Each structure stands twice: as C-alpha cells, then as structure tokens.
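S.K.: All chains, please: the whole structure from these sequences, using the hints.
Residue-level listing of the chains:
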Amino acid sequence: DAMVIQNPRYQVTQFGKPVTLSCSQTLNHNVMYWYQQKSSQAPKLLFHYYDKDFNNEADTPDNFQSRRPNTSFCFLDIRSPGLGDAAMYLCATSATGILSYEQYFGPGTRLTVT
Amino acid sequence: SQQGEEDPQALSIQEGENATMNCSYKTSINNLQWYRQNSGRGLVHLILIRSNEREKHSGRLRVTLDTSKKSSSLLITASRAADTASYFCATDGGGGFKTIFGAGTRLFVKA
Chain A
1 DAMVIQNPRY
11 QVTQFGKPVT
21 LSCSQTLNHN
31 VMYWYQQKSS
41 QAPKLLFHYY
51 DKDFNNEADT
61 PDNFQSRRPN
71 TSFCFLDIRS
81 PGLGDAAMYL
91 CATSATGILS
101 YEQYFGPGTR
111 LTVT
Chain B
1001 SQQGEEDPQA
1011 LSIQEGENAT
1021 MNCSYKTSIN
1031 NLQWYRQNSG
1041 RGLVHLILIR
1051 SNEREKHSGR
1061 LRVTLDTSKK
1071 SSSLLITASR
1081 AADTASYFCA
1091 TDGGGGFKTI
1101 FGAGTRLFVK
1111 A
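Taken in order, these protein sequences are the chains called A and B.
Under my numbering, the first sequence has 114 at position 114, and the numbering climbs by one with no breaks.
Under my numbering, the second sequence has 1056 at position 56, and the numbering climbs by one with no breaks.
Hint data in this document are derived by calculation from the structure and do not stem from the laboratory.
Computed from a predicted model, the values in this text were never measured in an experiment.
For glycine and all other residues, C-beta sits at the position ideal for the given N, C-alpha and C.
A couple of the hints might just be wrong.
[Unchecked claim] Using 25 Å as the maximum straight-line C-alpha spacing, the simulated BS3-like pairs for lysine-lysine come out as follows:
{"#": "1", "chain 1": "A", "residue 1": "K38", "chain 2": "B", "residue 2": "K1098"}
{"#": "2", "chain 1": "B", "residue 1": "K1098", "chain 2": "B", "residue 2": "K1069"}
{"#": "3", "chain 1": "A", "residue 1": "K52", "chain 2": "B", "residue 2": "K1098"}
{"#": "4", "chain 1": "A", "residue 1": "K44", "chain 2": "B", "residue 2": "K1110"}
{"#": "5", "chain 1": "A", "residue 1": "K44", "chain 2": "A", "residue 2": "K17"}
{"#": "6", "chain 1": "B", "residue 1": "K1026", "chain 2": "A", "residue 2": "K44"}
{"#": "7", "chain 1": "A", "residue 1": "K44", "chain 2": "B", "residue 2": "K1070"}
{"#": "8", "chain 1": "A", "residue 1": "K38", "chain 2": "B", "residue 2": "K1026"}
{"#": "9", "chain 1": "B", "residue 1": "K1098", "chain 2": "B", "residue 2": "K1026"}
[As the list claims (entries may be wrong)] Computed spacing ranges between beta-carbons, pair by pair:
{"#": "10", "chain 1": "A", "residue 1": "E57", "chain 2": "B", "residue 2": "N1022", "range": "21 to 31 Å"}
{"#": "11", "chain 1": "A", "residue 1": "S80", "chain 2": "B", "residue 2": "K1110", "range": "37 to 47 Å"}
{"#": "12", "chain 1": "A", "residue 1": "S39", "chain 2": "B", "residue 2": "V1044", "range": "17 to 27 Å"}
[As the list claims (entries may be wrong)] Some residues of chain A that are not near chain B, with every Cβ distance over 12 Å (derived):
{"#": "13", "residue": "Y33"}
{"#": "14", "residue": "S40"}
{"#": "15", "residue": "A42"}
{"#": "16", "residue": "H48"}
{"#": "17", "residue": "F64"}
{"#": "18", "residue": "N70"}
{"#": "19", "residue": "S72"}
{"#": "20", "residue": "F75"}
{"#": "21", "residue": "G82"}
M.R.: Written out as structure tokens, the structure reads:
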C-alpha cells in the first residue's frame, strides 16, 4: 500500500547532539511537510517542499533544517537539540491539483532530548 | 495565535450518542479540513469542505462551514468506542500549502 514512512519511530538524543529524522513516501506526491507536535498541542508546520522548492515558516528556528534529495525522501535535521525540542515530529505529503490540500501523514517520530 | 481554535477541548460521551466539535478561524480560507489523531499516532484525513460549500457528509460524519462566522462544526453520529481520538480542524490560511491546525478536541467515547 502507498504510504508515508518515518524512521525511527522513537529517537533519543543528547542535548546539543545533532539528530536527523527521515521520511519517505511511495505516493509520488510533490509536496512534503514537516510538523512539530508537542504534548496535547496542535501540529505546527515547520516547513514544506514543493518539489525541490523549500518553504520555511517565518517562526521556525534556525536550528531546524531540511533536505529533500529526491521526490521520495525528506529529512529533518536538528543541529543542536534543546530540551524544548522534545516533541513528536510528523511528516506529511500531498498531491498538487484539485486534491492538493488533503495531507497524508506518517506515524511520527517521537524525539526525546536528554 | 493559531488560525483555528476548537471547542470543547475535551468531550466525553456514551457509545451511540452524537458528538459535535466546533472550530473557529481568523482569516479567509479556500478550504477547511478535519483530521483525526489516535493517541501517539499520525493524523488521518477525514473530510475537506471548500469555502463555497456549506455542508458535507461522509458516512457518519457531517461537516458544516459558515464563512460569515468563520466557523465550522464536525458532527459524528452514533459514536463508537473506536472514535475515541483527538480531532483537529485545519485551514489553508487563504492559499498555498501553508496549513494551520486548531488546538483540537479530545473525544472519549465510553462503551
């Protein structure tokens, strides 16, 4: 089945130690998103890619970077994780055109910072 | 503040009852979506309603949209224990791929 896959599901990193979260999709969607979701809060959009065009949200900290080497894969890099970056990170995809707004989410990666 | 605000924050009902959740937003939109999230999991798209639509149905779900009041409601009829989840509205903020989620309603359906 076509899907959005996130690895790992759980990630523990140390304060200040760079960490990379990965997302892959078999849906062949043009748009990929990264969200941060803290406990009992709404998902917050960090950035999205439209093909290779990167779109950063204005309030996304510089500590967060992203790479999209091809259509299928997208990475979230946290350069120097702080305790406040502990959260669930959700990857999502969407098509373009008439169905462009429906997003398909992966299961998320729960990041713990020690 | 967030585009979408939802109420109630939490709702507890008995199986078989209807559940209604409300969402308000601040700016103009092209569409509004509802998503469900089971505990610790990703979100699942439920339904999308466009700004020129007033009501939409999908199975046991009914969504209404009032653009003059900048509000939407999600009704789940004949709820089941499996409907226990958090429900979020999401708006497009008027264009593009920017998506803004509301704070969500946590629904508990007791068997």
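S.K.: A separate judgement is required for each hint: does it hold in the structure or not?
M.R.: Now for the hints, and whether the structure bears them out:
1. K38/A - K1098/B: With Cα atoms ~19 Å apart, K38/A and K1098/B stay inside 25 Å; holds.
2. K1098/B - K1069/B: With a Cα-Cα distance of about 22 Å, the restraint between K1098/B and K1069/B holds, given a limit of 25 Å.
3. K52/A - K1098/B: holds, 16 Å
4. K44/A - K1110/B: Roughly 30 Å separates the two Cα atoms, so the pair is violated.
5. K44/A - K17/A: holds, 23 Å
6. K1026/B - K44/A: holds, 17 Å
7. K44/A - K1070/B: holds, 21 Å
8. K38/A - K1026/B: Distance ~23 Å between K38/A and K1026/B Cα, so the pair holds.
9. K1098/B - K1026/B: Holds, at roughly 15 Å.
10. E57/A - N1022/B: 21 to 31 Å: holds, 26 Å
11. S80/A - K1110/B: 37 to 47 Å: holds, 45 Å
12. S39/A - V1044/B: 17 to 27 Å: holds, 19 Å
13. Y33: Violated: least Cβ distance 7 Å, not greater than 12 Å.
14. S40: violated, 8 Å
15. A42: violated, 4 Å
16. H48: violated, 5 Å
17. F64: holds, 16 Å
18. N70: holds, 19 Å
19. S72: Given a closest Cβ separation of 18 Å, the condition holds.
20. F75: Given a closest Cβ separation of 17 Å, the condition holds.
21. G82: holds, 22 Å
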